[in-house]
Amino acid sequence: MSIASNGLLENRMKYKLVLDHITKTFGALKANDEVSLHARKGSVHAILGENGAGKSTLMNVLYGLYRPDKGCIVLNGREVRIENPGIALDLGIGMVHQNFMLVGRFTAIENTILGTKIKGIHLSLREPRKRLLELSDSFGFEIDLDQPVWKLPVGMQQRVEILKLLYHNVDILILDEPTSVLTPNETQQFFDVILKLKATGKTILLITHKLGEVMTVSDYVTVMRDGRVITEMATSEATTQALARLMIGRDVLFDVTPEQATHGENVLEVKGLCAVNDRGLPALDNVSFEVKAGEILGIAGVDGNGQTELAETIVGLRSLSAGKILVDQVDYTHVSVSERRHRARIGYVPEDRQRRGLALDHTVAQNMMLSSYNKPPFARRGMLHLKEIRHQAEILVRRYDVRLHDVGQPVRELSGGNQQKLIIARELRENLKILIAAQPTKGLDVGAIEFVQNTIVEQRAKGTAVVYISTELEHLLAVCDYISVIFRGHLTPKMSLGETTSEKIGLLMSGGG
Amino acid sequence: MSETFSNLNMVVDFLSTGLRLSVPLVFAALAGMLCERSGIFNIALEGMILGGAFGAAVATFFSGTPVGGIFGGMLCGIIAGAILAYLCISLCVNQIVVGITINLLAVGFTAFLSRIIFEGQGSTLDLPGFKAMAIPLLYSIPIVGVVLFRQDVLTYLMYILVGILFIVIFKTKWGLSVRAVGENPAAADTAGISVTGVRYLSVLTGGALASLGGCYLVLTQVNLFSEHMSAGKGFIALAAIALGRWNPIGVFLACLLFGMFDALQLRLQFSNPNVPYQFFAMLPYVAAILALVGIIGKVTPPGATGIPYKRGMSREQAIF
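Same order as they appear, the protein sequences are chains D and G.
Letter by letter, the first sequence follows residues 1 to 513 in this note's numbering.
Letter by letter, the second sequence follows residues 1001 to 1320 in this note's numbering.
Certain hints may be false.
[To be verified] Dumping the calculated DSBU-like pairs for lysine-lysine here, alpha-carbon to alpha-carbon at most 30 Å:
#	chain 1	residue 1	chain 2	residue 2
1	D	Lys442	G	Lys1171
2	D	Lys130	G	Lys1171
3	G	Lys1171	D	Lys70
4	G	Lys1171	D	Lys151
5	D	Lys151	G	Lys1131
6	G	Lys1310	D	Lys151
[Unchecked claim] For the chain G half of the interface with chain D, some residues (derived, Cβ under 8 Å), not all of them:
#	residue
7	Lys1173
8	Ala1186
9	Gly1306
10	Lys1310
Hints are computed from structural coordinates only; laboratory data are not their basis.
Ideal placement from N, C-alpha and C gives every residue a C-beta, glycine not left out.
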């Protein structure tokens, strides 16, 4: 399979960075199996693969967080040993992690000088500030250096991360799924930044599972699957379809073609909803919408504009300060979570599947019955019916094709995609009237996204009213009947797909339009 | 009551008592604050004070000088810190459990050893201690001068430590590392800071600092060691850390407040002999509870306090 490695290995000097036959195992799992990669100076090298393909492991090896079992790293023609992130930084290798490594309460300056070897013990910010301003200006970053970074928008935080690396004179930048948190506009700006970095001679390793990104900005691409390199090639020689096939190992349908469902009555009506976030600040401002039976309403928006609060308010996990929630004209505004689940038949796929969706250390079977553990057939006269629980779990696991060894296995051991399948299986077990799906495709690979999208379309066919909240506009456009955009707690009226374009939605997502 | 406070001497006396009662709290609270800033929740302060008191008593007993006592006290504090550090940082054991264990261990161990060393008595005889020394000039400031600057060496050391910790935490690179490790250890690790190293050093320093509280009890306040003489001070210190918002100066002021309440309750005990003294003895603790209720929702501790850090381990996994 590793066609690329032999041919390209001849001349190490030709490359800025060579990863040579890296192998890393975790227990029985070979996360990286003889993985090789060759990156040229001043190029953008994409590493494409689904979740669990071994991209992150490889980068953690390069960044000194893991030590490889076999193989070596060659930098500028010389073999190097990278035992911790400090050494990686000294060698000029820096990484922007998917979830940013920033100290929220620190300013951009403080975050930047963290861990730098300035002489003396006194913390002087004058010099760093000057250099940061220069760097920031030369790349057109426009960052407020004195704000605590948690107050900055996500796109800005990402720039702080990049700035941090530039300040450390890094010449290889590893970017781990950098666009997963950005709006379409921010993404475009981010690509510009990448090109500028490339122009100054930096080498960029772009870890991604998004094919479009690879085609747009990368010069070379290494495709990984199941811990192995499938191919390494110039992006100009690749096509989206070909890359997708290499990445997944089979053909994928990019479009879920939704058969138009017939819409029924208004099932869910939300009127003038207001709520505050965890910090007590207003998160929802007079949000109103309704969803009919057999209709999918997509709610687009950048993370942190009130989506979490909206979903939680509807399912009853957050109290509202004003407004009404009606299900089939019946007022459910001040009703318990359990009532909403069982009487109004609202199903909920929570955004944070590991915290809200699952008890990670409990078994698959226990998680499967979490929402109805106290009802037959799971429990009788206060006693759990363990055999039945196991049996039902096995049925669901088979039906939804959740990959696992045994339903007695802790959920923690499952991959993200399988954990999501588990939640969906549980939520859809009962015949739903309303489904609230909050970021259901977040962090999933193409195969799992396909599954989630299909499930949502199936629910529509069954006459369920679906509220599909996502930051991934493409995913919404593929299945929704209507789309509303949420920005700073305001929700736009719903637009049918015919009357809007993704550009217009993108603009609304960033507060324009 | 009004008669009690009627003259200036009384006021000075009251404030001096309050200050003296706060000194052990300040040492312990500074220690706890440093640990929490680095991400280790140190509820073993109580045990560290007691260990420090015991060490100070034993070392003074054998060396005959209170300076020797300070070294003995700090040694015990550092040992307690080392146990806490090894279990919480290297082995990632639950920090609350370890803290409670150390507290219980300190009570039993010091009582046991003191009976052996001091020949069957629960407490030592009179030990040499530090005497108050007035600082020229500063001492002559009315009221404040007398209260603050006619104290012993350990109290002056405390003033200096408050200042030093403030500078270290907010004005040095080391302090920045400590804060980063306590807020987001993964970020600090990524930046090339040794999370383990920073935490160890903070906890060991914390052990030494907290034990000074115990040294003060033995060498300045009562000149003897008695079983469980820390009497809950370590827990009051925990409240003071939160009330002082993890800022050395704030923590110092919070401890002063609790110390003053302690002084007040002593006064009230003497002036109201027919009320059971236990009611007044509760006062500092009631004050601590009320203070904590008052700041609910307004202060946030360092983000990673209480959560062990291991590379490749998500925050979620680490909690359980």
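A quick look at each hint next to the structure:
no. : hint                 : in the structure
1   : D:Lys442 x G:Lys1171 : violated (40 Å)
2   : D:Lys130 x G:Lys1171 : holds (19 Å)
3   : G:Lys1171 x D:Lys70  : violated (44 Å)
4   : G:Lys1171 x D:Lys151 : holds (23 Å)
5   : D:Lys151 x G:Lys1131 : violated (52 Å)
6   : G:Lys1310 x D:Lys151 : holds (27 Å)
7   : Lys1173              : holds (5 Å)
8   : Ala1186              : holds (6 Å)
9   : Gly1306              : violated (17 Å)
10  : Lys1310              : violated (12 Å)
Against the hints set out earlier in the document, violations occur for numbers 1, 3, 5, 9, 10.
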